[in-house]
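2 protein chains.
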Amino acid sequence: MIYLDNSATTQPYDEVIEAFRKTALDYYANPSSLHRKGGEVERLVRQARGSIASLLQIDSDEVVFTSGGTESNNLAIKGTAFEHMNRGKHLITSQIEHASCMESFRQLEKMGFNVTYLPVGSDGQVSKSDLAEALTKDTILVSLMHVNNEVGSIQPIKELGTIIKENSRALFHIDDVQGIGKVSLPIPDTVDLVSYSAHKFHGLKGNGLLYKRRNVSLFPLLSGGGQEKEVRSGTENVPGIVATAKALRLYLQQSQSNSEKLHHLKSKLQNELGAINEVVINTPRNSAPHITNFSIPGIKPEVLIHALEEKDIFVSTRSACSSKTAEPSHVLTALGVSNARARSAIRISLSFQSTEKEIEVFLVELKKAIHKLKQVMRY
Amino acid sequence: MIYLDNSATTQPYDEVIEAFRKTALDYYANPSSLHRKGGEVERLVRQARGSIASLLQIDSDEVVFTSGGTESNNLAIKGTAFEHMNRGKHLITSQIEHASCMESFRQLEKMGFNVTYLPVGSDGQVSKSDLAEALTKDTILVSLMHVNNEVGSIQPIKELGTIIKENSRALFHIDDVQGIGKVSLPIPDTVDLVSYSAHKFHGLKGNGLLYKRRNVSLFPLLSGGGQEKEVRSGTENVPGIVATAKALRLYLQQSQSNSEKLHHLKSKLQNELGAINEVVINTPRNSAPHITNFSIPGIKPEVLIHALEEKDIFVSTRSACSSKTAEPSHVLTALGVSNARARSAIRISLSFQSTEKEIEVFLVELKKAIHKLKQVMRY
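Read top to bottom, the protein sequences are chains A and B. Take the first sequence: its letter number 90 is residue 232 in this note's numbering, and every next letter is one higher. Take the second sequence: its letter number 378 is residue 520 in this note's numbering, and every next letter is one higher.
Treat the hints loosely; a few may be bogus.
One copy or any two copies: either way a pair holds, since identical chains are not told apart in the list.
Below, computed lysine-lysine pairings styled on DSS-like, alpha-carbon distance capped at 27 angstroms [claimed, not checked]:
no.: 1; residue 1: LYS403; residue 2: LYS300
no.: 2; residue 1: LYS410; residue 2: LYS270
no.: 3; residue 1: LYS371; residue 2: LYS252
no.: 4; residue 1: LYS499; residue 2: LYS410
no.: 5; residue 1: LYS252; residue 2: LYS231
no.: 6; residue 1: LYS252; residue 2: LYS279
no.: 7; residue 1: LYS231; residue 2: LYS403
no.: 8; residue 1: LYS164; residue 2: LYS453
no.: 9; residue 1: LYS509; residue 2: LYS270
no.: 10; residue 1: LYS499; residue 2: LYS231
no.: 11; residue 1: LYS510; residue 2: LYS231
no.: 12; residue 1: LYS252; residue 2: LYS453
Just so you know, these hints were derived from the structure itself, not from any lab.
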């Protein structure tokens with residue numbers, strides 16, 4: 143099997159599954175229980191939190207465990223909006239965000255907030271002057287994706303953060319679900335909130351992280367027992383938390399030793415795709431190493447996906463979270479790609495485990511599939 | 143080890159951990175991915191949903207997967223409030239709810255909703271006339287716990303549901319986290335929303351269920367990719383979902399074959415506790431079979447907990463989710479228990495695996511501990 147859909151989800155590391163299993167088996171008490179068994183489990187959570195904090199170079203009390211990237215994004219956005227609405231009701235984001243951000247903003251608009259959706263250039267970046275102009279004294283939040291999940295474009299977070307902090311009192315939230323480990327981002331001083339999803343770094347589904355800068359207050363979407371310093375209540379998913387810490391450590395190790403390889407695979411993939419007549423590459427030049435988006439105008443991407451899966455090769459059309467809509471990708475549209483091209487897009491997303499051999503097989507099979515489909519469809 | 147803290151959390155069944163492990167290992171694709179691997183995983187989720195629906199005697203499309211009981215309660219309460227606020231801003235609950243409901247209502251009060259907190263009698267039940275009087279044309283939600291987590295009291299859901307539906311257009315939400323399998327409740331026609339938590343029925347932490355009657359609409363707390371029919375977005379925690387279905391099936395089987403035993407253990411426990419001079423039982427007469435709450439006025443419950451854990455016996459003071467506050471239990475206070483008694487409460491919570499032998503050992507060690515502590519504390 144050649145799995146090239148790593149932006150949808152990654153295969154959990156064996157060690158991660160084993161850490162989950164062992165924790166669920168041996169440490170099942172509730173970490174809030176006052177007895178010794180509860181204390182042992184609480185210690186595990188504390189260790190995992192400490193380990194994650196040190197890997198992300200943040201403080202332990204800035205780690206919030208959530209149920210996934212979607213919850214982290216929703217908590218950052220709605221949590222800021224509901225908490226700080228008395229300071230202002232203006233929010234800024236871009237036109238190429240993930241559905242979990244986009245839909246949060248749509249909901250807030252219906253509740254009376256004003257949202258500016260900044261356009262992006264063909265490079266997927268918002269313009270600095272657009273951002274500076276959009277900021278008002280009522281702006282309480284700017285939320286931007288670091289690495290785009292469909293095309294791999296990179297937002298210049300550090301520069302944008304400076305503009306935000308120099309011109310407003312807004313909080314700055316980053317969706318770094320796709321960027322972590324792939325495009326270096328030590329969290330800048332200007333950033334207040336960062337979302338991560340464990341199953342995108344070979345951890346387990348149902349687990350996410352939110353970096354929350356100390357002293358930033360959020361309206362808890364899930365309130366109750368006061369876990370996670372009252373920001374996110376609910377009995378801690380202890381085995382999931384231990385597994386997430388393990389996954390992050392292994393993943394960042396792999397990131398160090400495999401980063402060059404990934405860049406090499408990307409070049410190879412894009413050069414060879416570029417040489418195929420029918421292919422148009424949608425991914426901008428300066429982009430993350432793991433995502434390559436291209437179109438074959440005239441061929442329905444679903445048909446190509448099924449042709450490739452017959453050869454045990456798995457690719458996608460776009461974000462898994464938007465895969466079932468018939469609309470052309472909002473990301474490609476925002477990048478200025480034509481409708482026909484946006485409707486025929488294919489996304490290849492690599493992992494650090496991807497090999498040169500896999501890319502070669504993929505390219506061979508892709509060419510065969512195009513040839514075959516062109517005949518069938520009288521291209 | 144004698145584990146008598148099953149209302150805080152239960153030990154996951156071995157088969158449940160194994161189901162999780164196997165699914166995480168072999169079925170890691172994203173169920174929203176269009177390729178075959180995604181389809182296989184989507185099928186697993188569909189099967190788990192169908193199995194849960196059939197066990198709960200509801201329809202598949204009435205099952206919403208969440209990250210736990212806290213999320214289910216928050217989604218039911220805030221989801222109703224935000225969705226239906228144009229119909230009215232009055233909400234009704236009781237004074238003995240779980241923190242995840244209580245805190246949701248406190249948040250909503252701060253946002254301009256009016257909340258009636260119905261009092262309860264010494265039996266932990268709200269009065270029917272109080273409920274009928276509280277309902278107004280602005281009432282959009284009544285939320286009540288089926289079985290109380292601290293004392294095991296049972297709310298007469300069916301009768302209360304009739305009053306609600308005959309006198310209002312309010313939705314009726316039940317927190318059945320503690321009741322499921324212990325106190326029979328086929329979901330009555332009058333109930334619209336029911337919360338469950340997997341780790342309370344030997345499933346895994348980080349997994350919950352919300353029964354949502356078809357056609358009931360909720361404001362999604364977590365929006366995005368539109369999973370769970372748009373009510374709860376986020377990549378499905380597939381291994382957790384499969385494990386939850388397995389846990390529920392095994393648990394309800396155990397419930398059938400061990401229900402009588404549990405009632406017998408409860409009688410034995412309460413009779414023998416009642417015979418100890420220093421003990422006052424707080425659990426009302428008609429209550430759930432697994433929870434027994436009692437006080438030993440004058441002895442700090444933490445001290446007793448630690449004395450028992452030296453004998454490898456694990457009990458608690460109250461809800462794990464409220465275990466770290468110094469306040470007397472709000473549940474016992476609402477039941478009319480004195481402050482001194484409410485501050486010295488111990489909760490024993492059994493599982494279907496609990497044995498008569500364990501209860502006997504517990505009682506022996508409890509008596510020894512009381513004797514010892516009385517001497518130390520000059521009782």
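Here's how the hints hold up against the structure:
Taking the shortest alpha-carbon separations for LYS403 and LYS300, only the intra-copy value of 26 angstroms comes in at or below 27 angstroms, while the best inter-copy value is 63 angstroms. Neither within a single protomer nor between protomers do LYS410 and LYS270 lie at most 27 angstroms apart by alpha-carbon distance, with minima of 32 angstroms and 73 angstroms respectively. For the homomeric pair LYS371 and LYS252, the shortest alpha-carbon distance between copies (20 angstroms) is at most 27 angstroms, but the shortest distance inside one copy (30 angstroms) is not. Taking CA atoms no more than 27 angstroms apart as the test, LYS499 paired with LYS410 passes inside one copy only; the shortest distance there is 11 angstroms, against 68 angstroms between copies.
Taking identical chains as interchangeable, the C-alpha atoms of LYS252 and LYS231 lie at most 27 angstroms apart whether they share a chain (12 angstroms) or sit on different chains (17 angstroms). In this assembly of identical chains, the alpha carbons of LYS252 and LYS279 lie at most 27 angstroms apart whether taken from the same copy (21 angstroms) or from different copies (24 angstroms). In this assembly of identical chains, LYS231 and LYS403 lie within 27 angstroms of each other by CA distance neither inside one copy nor across copies; the values are 45 angstroms within and 58 angstroms between. Taking the closest pair of Cα atoms, LYS164 and LYS453 come within 27 angstroms of each other only across two copies (25 angstroms); inside a single copy the shortest separation is 36 angstroms, beyond that limit.
Proximity of LYS509 to LYS270 under the C-alpha cut-off of 27 angstroms is found in neither arrangement, the shortest distances being 40 angstroms within a copy and 72 angstroms between copies. In this homomeric assembly, LYS499 and LYS231 never come within 27 angstroms of each other (Cα to Cα): the closest approach is 52 angstroms inside a single copy and 62 angstroms across copies. In this homomeric assembly, LYS510 and LYS231 never come within 27 angstroms of each other (Cα to Cα): the closest approach is 53 angstroms inside a single copy and 62 angstroms across copies. Taking the shortest Cα distances, LYS252 and LYS453 never come within 27 angstroms of each other, neither inside one copy (46 angstroms) nor across copies (57 angstroms).
When each numbered hint is compared with the structure, violations occur for hints 2, 7, 9, 10, 11 and 12.
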